[in-house]
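Residue numbering for the sequence shown follows this note's numbering, starting at 366 and increasing by one per position.
If you are wondering where the hints come from, they were derived from the structure by calculation, not from laboratory data. Computed from a predicted structure; not experimentally measured. There may be inaccurate statements among the hints.
Taking lysine to aspartate or glutamate and the EDC-like style, the derived pairs with C-alpha atoms no more than 16 Å apart in a straight line are [claimed, not checked]:
id	residue 1	residue 2
1	K802	E740
2	K542	E660
3	K802	E768
4	K580	E565
Computed beta-carbon distance windows for the label pairs [unchecked claim]:
id	residue 1	residue 2	range
5	D775	K802	26 to 34 Å
6	N635	S696	16 to 24 Å
7	R787	F722	39 to 47 Å
8	Q692	S758	18 to 26 Å
9	A584	Q646	53 to 61 Å
10	L721	D536	34 to 42 Å
11	L770	P665	36 to 44 Å
12	E666	G645	42 to 50 Å
Think of the CB as a built atom: it goes at the ideal place given N, C-alpha and C, for glycine as much as any other residue.
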Amino acid sequence: MSQHPLLPMTLAIGLALNTVAPSIHAMQEQHEQGHEHPGGGESVLPRPALTKVMSAYHTAPHDDNDEEDVHGDLHDKDGEEAAAHSAPHDNDDEKDGLGDEHDEGGEEAGVIRLSSAQQQMIGLNTVALQPRPLRVLIRAPGEVVANRYGTSVVASLTDARILKRHAVLGDHVSQGKALVTLFSDTLVTAQAGLQTAFREWQLVKELGEQASGRKRYGAAQANYLHAVAQLQAYGLSASDIESLARSTSSRPLGQFVLNAPHAGVIQSDNFLLGAQVSAGQALFTLVDESDIWVEALLPPETRIDDGVAPRARVVIGNRSLDGRIIQRSHSINENTRTRMIRIAINNSDHSLHPGLFATVELEQGDTELALVVAEQALTRTEDGDWAVFYEVSSGMYRQQEVEVLRDLPDSRAISGLEPGTRIVVEGAFFLASEQAKSGFDIHGH
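Build the full structure now, drawing on both the sequences and the hints.
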């Protein structure tokens, strides 16, 4: 096989370059260190030898294609060195340092940024959390009952017969309103006796005690007063008795009307027209519902300080009402093993009625300090845990997982934040939506 004409020459040039390159590098290092190269700074390869090698290369015959291959290799090496010198230096330490500074100075991961206009649009509001006394909340079942101090039973004080009804069940009546008209044989005798006693009394008064005699004068006065008292006991009013005595009443003898003793609502009227009723039999139950009661049954160990009228919250349906404790039982029910308390609620709109079920919430004395947040400030993380949004800086908010310690009326006691942290109480739902869209997980999953 014939040898390529340029192969010996190529090997010679390569040997020369390998010999020269270390010398050049050595000279450069010594120059940078301020030392002179041994031997006057000349190359390790003698200049005549180098000249002879290069001259041999130029005078030797060679093929153009082979020359092109060799020069191509040389050019490729030169190009790689040029690219290496011209490209930016890849200093890993320097690059990492700049990257860290950028991360620290840039926007933090998971932070939601809102402009002033966006905050105003969603009504965003923040408050600073401060520890406050955590009060014990007690819940107990209860029932709305009539105010017994404002309840009256309307009854006939004598045997009588029902003639006419003037009010029916559910009517709101005012004080003095006519409720029912009755007739009594006994009352006829009493009314007639009143009229006789009244006329006698009027006569002796005109004659005077001296002319009529002291005995007659005293007897006439006593008989008249007795007749009046008897009719008052039957339920007649002073005006009815006066008109009856003077015979100016349009009502026949034996008839009388029972009137409402106070304003209220008729809750029962268990009688029929024409029925005969006995003395003392209840005809109406009249309840003043402007102030109504709720009776609740508490665990026997519940302690409510005497001498204090604590406030109570009563939940009836979807309504939450404020009330005041007016009575506390000092004994435990033997059957239910509970203790009863009575709560008064203003019911001037007559929206509550006896028989409604209720839930009574009582706050007991101060215990520990805790951070309390409103319910609307709480959101859920992707894992379903409770969280709130706190203010990182002006216009920047981040979600923080918290632990709910206790449920309170319209609020929760939490842990997981430092006192003084400003949390979002209005607009948290919007931030939670933005958090979900960004897909950021506060756990870093």
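### Query
Among the hints numbered above, which are violated by the structure, and what are their numbers in rising order?
Of the numbered hints given earlier, those the structure breaks are 1, 2, 3, 6, 8, 9, 10, 11, listed in rising order.
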